[in-house]
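Please model the entire structure based on the sequences and the hints provided.
Just so you know, the sequences run in chain order W and D. Position 7, counted from 1, in the first sequence is what our numbering calls -3; the numbers after and before it change by one each time, with no gaps. Just so we're on the same page, our numbering is the position in the second sequence counted from 1, plus 17.
Keep in mind that the hints were calculated from the coordinates and are not lab data. Positions of the beta carbon are idealized from the N, C-alpha and C atoms, including for glycine. Some clues are possibly wrong.
Calculated cross-link-like contacts (lysine-lysine; reagent style DSS-like; alpha-carbon spacing at most 27 Å) [unchecked claim]: (1) K275(D) to K111(D); (2) K233(W) to K111(D); (3) K233(W) to K275(D); (4) K136(W) to K111(D).
Covered stretches of chain W, as calculated for chain D (at least 3 residues, CB under 8 Å) [to be verified]: (5) 47 to 57; (6) 108 to 122; (7) 128 to 139.
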Amino acid sequence: MATLPRRFRLEFIIAAALCAPAARAEQAIFGPDGAPTVVQRKLHTMSGRWEAGIAFDVALNNALVDQYGAIFDVSYHPNESLDVGGELLANRTGLSQLARNVRSDLCGGRPDAGCRTSTPKDEFANDNQLRLAALGVARWAPIYGKFNVAGELSVHFQAFLLAGAGAGAVHRESVNLCADPGAATCQNFQSSDLLRPVGELGVGFRFYLGRTISLRSEVRSYFFPSSYKQGNDPTQPDSGTSKRYFAGIFAFASGVSVVF
Amino acid sequence: MRLLALTLLFSLAAAAEEPDVQRIHVLEQRPFTESGRWEVSFFGLRQVNPKFTVHTGLSAEVAVHLRENLAAQLGLTFFPIAVQSTLAEELLTKANESPTSAEAFLLRYAAVAGLELMPIYGKLDVLDGRILRLGLYLNAGLGLARTRLQLRPSTDATTGRSFGDTGIRPLAQLGVGLRVFVSERFTVRLELRDFAYSGYTSTVNGCNRDDARAIQTANDSNQTPSGLSPGCDALAFGSAGANGTARLNAAGAYELLKNPSSEVINNIAFQGGVSWLF
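Below is the structure:
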């Protein structure tokens, strides 16, 4: 057996001792078939990082109103599955074609001067237009996964639930109740602009394009108190009573976020 | 000394290497296969584009996995809740407007045979716990559907919510979904499914527009309707007479049939359920 010269022995012992921690860090785990088992981690970690995002959103369930806009959000990830922050929502809103069709048929074939009768009418519900909102939001992402789209192109994703609360500017423009007294064809419809408490719940997916950029798609519901009028004499705008209800607007949002 | 310096450099490099950025390609055998197995699924489903109609129902499906990612399937769907939406009733009661018959078509039962392709596999873990396998799939099928129209709103004090039969018609179905394998046998499924069918009809309870008008007129004057076309079931509209429900339901049918309309209805439903592979 060959022996190392004496001056190399000490160097070899020191080198071996230095290599030991590194070797321990890469400890191999062997499976039942003798092949090495791979210990897998999340490719994209979120703990301690900030996130800023912008998304396009469109209302899904409001047949009387067209509503679409943008959501800007900033949040902080204290751990892997939670982030908390705030978001601003700005929407372009207006009555839908269906609502305008209803308005155009309100006279029911009667002449313009006698368009409106004094028979009490109820106002349409769910004509709320959520134009602006500021909300505090928390997202909880209990599910992390990946799938292979084509060959070795793997897409990592998170599935999350979100909840938030804040305030919003809700514009209402009545579809069928006139703001002008009298029986003539209506030129101005009853409307209001109110600041309302707004809550939101949602569910969504985040698809990672890399460590920094990810795409988010969400379905969310905004809910807030609202009201419509019952028993309104169409010729007298001040008549009728207010009926309160809890309004909900479902929206789909999709956008991009940057994690830094 | 050179050996010591070299070894020290390798040692530091090895220790400093961040495990997060390692990329290794592993060929991993799937722990089980679907090929050649049967699958029975049960779903709850709800329409997600409810403008003039609301559908909520149950579905059962049997599939045989011909290959790892291809299955043939047969499904039955029943919508116990298939009614006009609140908006449709509001239009009627507040503005004396109603959707066209094509837009108001209601789906009662559907039977569909088709194929399912699951081209994408993946994995997920829940709260850094157990790793589950998942598959993203597409399916398509053809079948038959039993349909109906709502004739009177729920606010009608005499009839309540009432319906008229509009027969059986062909239906096409497209879906996209996610299957999570909780175990080798048990899976959880989430799916978005589009039921597409023709919304055209010219008869309600086998009666055309003129029959509906004749039934209404005859009952208004406490007479038995006569001269109806073959296949028209006047009794299906309800109780006869000036105080009965037949005249109101026939009037509702006439309103829906007087302006013919035609449209392909896309009834998009979200369904969630479980399935068992054996």
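Hint-by-hint comparison with the structure:
1. Straight-line distance between C-alpha atoms of K275(D) and K111(D) comes to about 21 Å, which keeps the hinted pair within the 27 Å bound.
2. Between the alpha carbons of K233(W) and K111(D) the distance comes to roughly 15 Å, so the proposed pair stays at or under 27 Å and holds.
3. Restraint check for K233(W) and K275(D): not satisfied, since their Cα atoms lie roughly 35 Å apart, outside the 27 Å limit.
4. Distance restraint check for K136(W) and K111(D): the Cα-Cα separation of roughly 51 Å exceeds the 27 Å cut-off, and the hinted pair is therefore not satisfied.
5. Only residues whose beta carbon comes within less than 8 Å of a beta carbon in chain D count, and the stretch 47 to 57 of chain W has 4; three or more means the coverage holds.
6. Against chain D, the stretch 108 to 122 of chain W contributes 6 residues with a C-beta closer than 8 Å to a partner C-beta. That satisfies the three-residue criterion, and the hint holds.
7. Note: the stretch 128 to 139 of chain W has 8 residues with beta-carbon separation from chain D under 8 Å; the three-residue rule is met and the coverage holds.
Violated hints, listed in ascending order, are 3, 4; each of the other numbered hints is respected by the structure.
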